[in-house]
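Protein chains: 2
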Amino acid sequence: MAEWLDSVKSVKGILLDVCGVLYDCGGDGIVIPGSVEAVTRIKKAGLKLRFCTNESQATREKFITKLNLVGYDISAEEIFAPGPAVCQILKERGLRPHLLVHDGLLPEFEQIDQSNPNCVVIGDAADNFSYENLNNAFRHLIEMEKPVLISLGKGRYYKERDGLNLDVGVYMKALEYACDIQGEVVGKPAKAFFMAALADMGVEPHEALMIGDDIVNDVGGAQQCGMKALQVRTGKYRPCDECHPEVKADGYVNNLAEAVTLILEHLNN
Amino acid sequence: MAEWLDSVKSVKGILLDVCGVLYDCGGDGIVIPGSVEAVTRIKKAGLKLRFCTNESQATREKFITKLNLVGYDISAEEIFAPGPAVCQILKERGLRPHLLVHDGLLPEFEQIDQSNPNCVVIGDAADNFSYENLNNAFRHLIEMEKPVLISLGKGRYYKERDGLNLDVGVYMKALEYACDIQGEVVGKPAKAFFMAALADMGVEPHEALMIGDDIVNDVGGAQQCGMKALQVRTGKYRPCDECHPEVKADGYVNNLAEAVTLILEHLNN
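Sequence lines, in order, name chains B and G.
With the first letter of the first sequence counted as 1, position 123 gets the number 116 in our numbering; the numbers rise by one all the way through.
With the first letter of the second sequence counted as 1, position 185 gets the number 178 in our numbering; the numbers rise by one all the way through.
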């Protein structure tokens, strides 16, 4: 028996990535077969459940509407997304952002003072990552005495129906090199992001299991917090992930449905 | 007396950066006062002279036309630019590029087979660095068994009249991170690029002096080849360059005219 199945006995809470686990991103999204029922089965078994996403193309409200449309019954309180998390950080630290984000995320920042920026926040801006917009963000940073760059995630790419697309991490690295600085990540794989979701469930890291399709940001990030983590072979999964030089998942499963079947079979047995 | 002035006695050849040393880039360019005469004085003194530029927004021919327009008498044979250099490399290695470059550089590649690409070449593409174009380059790379990324220089930014602009190195770092690869640089600070210019002059590294405004790519690159190198306080120079953690110029001069005056005073004295 795989070691992670042995540890399932003490699992009290589950963290799920969304894109690539619940549905395939892009356009309206396509549900991954068995995932809707898998989410229901987790809840019925009495396990705590939160969704940890790096989605930053839309507000949390719009994102939930999309999830509901494809068949999921999920509420705002269950979702941890970098948009709301960064707004809290900006308020706490008195930071006024210059934003380079997707138009769909802008309403999240309506209550945030954006005058005379003293930091730059970038998200998965997609087509908004024009040369002009990236250059503007660069000019803001290079003029700051102590440049503060906050990136909503640090993913390399994600999969949409028409192929792989560059993610925000690529542009974080670009600005880091341009200004010779280190950016801060809000979202996965940042420890604070996972820990906030765990705290909300009232579950310790060793009692939690993360399931995602990103070997570095989902699996590696969760493991660094002391959680066990599974990689699903859906979404952006590629076979070479199973030979990743730095991160080894506690288990690999074909999809969320298979993971949940295995978990429920071994829970409290 | 500064140590570099002592070594000037044995100097036989000079390499000059162009943008920020001969003229300020952007639009038609503005000559830096005294630089036209300084170039003439170098030639009259019997010193060998070549121009080493990372300019990749135009073909070498167009670039020379621009230099002539602002008052310089420079021919194609005197200029080392990454466009012609990369074309030679592509031919030698049987590489067929997917190009992400400035429209102005495209004619340089007219004789190059670009069908079924087996490498990606990026230059200072400026507004052509859209999300869509960078994503296309990424998709080509990620599908190659052994991705080959060639970057025409690795500068962070350069100065135009309206402010600082992101340079090609920033996008090289972006694609390197996206694909988990190392790009190859053609142009400064690559050793092969400096050595080709030296060989063309028939001058050994210890007999040559590089003068540029970029502490890393001009000064650091030349020093790694065994040349002495000066930084001018024009172009993209910033005072903090004189405290750079890794590179220390052999000398700092206010501009090219001052450098040439000092060189000619100490030559063979």
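Errors might be hidden in some of the hints.
Where chains are identical, the list cannot tell them apart; a pair therefore holds if satisfied intra-copy or between any two copies.
To be verified - Here are the simulated EDC-like cross-link-like pairs (lysine to aspartate or glutamate), alpha carbons at most 16 angstroms apart as the crow flies: (1) LYS37 with GLU85; (2) LYS5 with GLU125; (3) LYS139 with GLU71; (4) LYS152 with GLU125; (5) LYS84 with GLU70; (6) LYS152 with GLU136; (7) LYS152 with ASP17; (8) LYS41 with GLU103; (9) LYS241 with GLU103; (10) LYS152 with GLU169; (11) LYS36 with GLU138; (12) LYS152 with GLU30; (13) LYS37 with GLU125; (14) LYS139 with GLU251; (15) LYS241 with GLU54; (16) LYS2 with GLU71.
No wet-lab data here; the hints were simulated from the structure.
A quick look at each hint next to the structure:
Neither within a single protomer nor between protomers do LYS37 and GLU85 lie at most 16 angstroms apart by alpha-carbon distance, with minima of 37 angstroms and 65 angstroms respectively. Within a single copy, LYS5 and GLU125 get their C-alpha atoms no closer than 48 angstroms, and across copies no closer than 43 angstroms, so neither meets the 16 angstroms cut-off. With identical chains, the CA atoms of LYS139 and GLU71 are never at most 16 angstroms apart, being 35 angstroms at best within one copy and 42 angstroms at best between copies. Only between protomers do LYS152 and GLU125 lie at most 16 angstroms apart by alpha-carbon distance; the minimum there is 15 angstroms, versus 25 angstroms within a single protomer.
With identical chains, the CA atoms of LYS84 and GLU70 are never at most 16 angstroms apart, being 20 angstroms at best within one copy and 59 angstroms at best between copies. For a Cα distance limit of 16 angstroms, the shortest separation of LYS152 from GLU136 across copies, 14 angstroms, qualifies, whereas the shortest one inside one copy, 35 angstroms, does not. Within a single copy, LYS152 and ASP17 get their C-alpha atoms as close as 8 angstroms, which meets the 16 angstroms cut-off; across copies the closest is 43 angstroms, which misses it. Proximity of LYS41 to GLU103 under the C-alpha cut-off of 16 angstroms is found in neither arrangement, the shortest distances being 32 angstroms within a copy and 62 angstroms between copies.
For a Cα distance limit of 16 angstroms, the shortest separation of LYS241 from GLU103 qualifies neither inside one copy, at 40 angstroms, nor across copies, at 47 angstroms. Proximity of LYS152 and GLU169 under a CA criterion of 16 angstroms is satisfied in neither setting, with 24 angstroms inside one chain copy and 18 angstroms between copies. Proximity of LYS36 and GLU138 under a CA criterion of 16 angstroms is satisfied in neither setting, with 49 angstroms inside one chain copy and 43 angstroms between copies. Taking the shortest Cα distances, LYS152 and GLU30 never come within 16 angstroms of each other, neither inside one copy (23 angstroms) nor across copies (57 angstroms).
In this homomeric assembly, LYS37 and GLU125 never come within 16 angstroms of each other (Cα to Cα): the closest approach is 50 angstroms inside a single copy and 44 angstroms across copies. Proximity of LYS139 and GLU251 under a CA criterion of 16 angstroms is satisfied in neither setting, with 48 angstroms inside one chain copy and 34 angstroms between copies. In this homomeric assembly, LYS241 and GLU54 never come within 16 angstroms of each other (Cα to Cα): the closest approach is 34 angstroms inside a single copy and 53 angstroms across copies. For a Cα distance limit of 16 angstroms, the shortest separation of LYS2 from GLU71 qualifies neither inside one copy, at 23 angstroms, nor across copies, at 74 angstroms.
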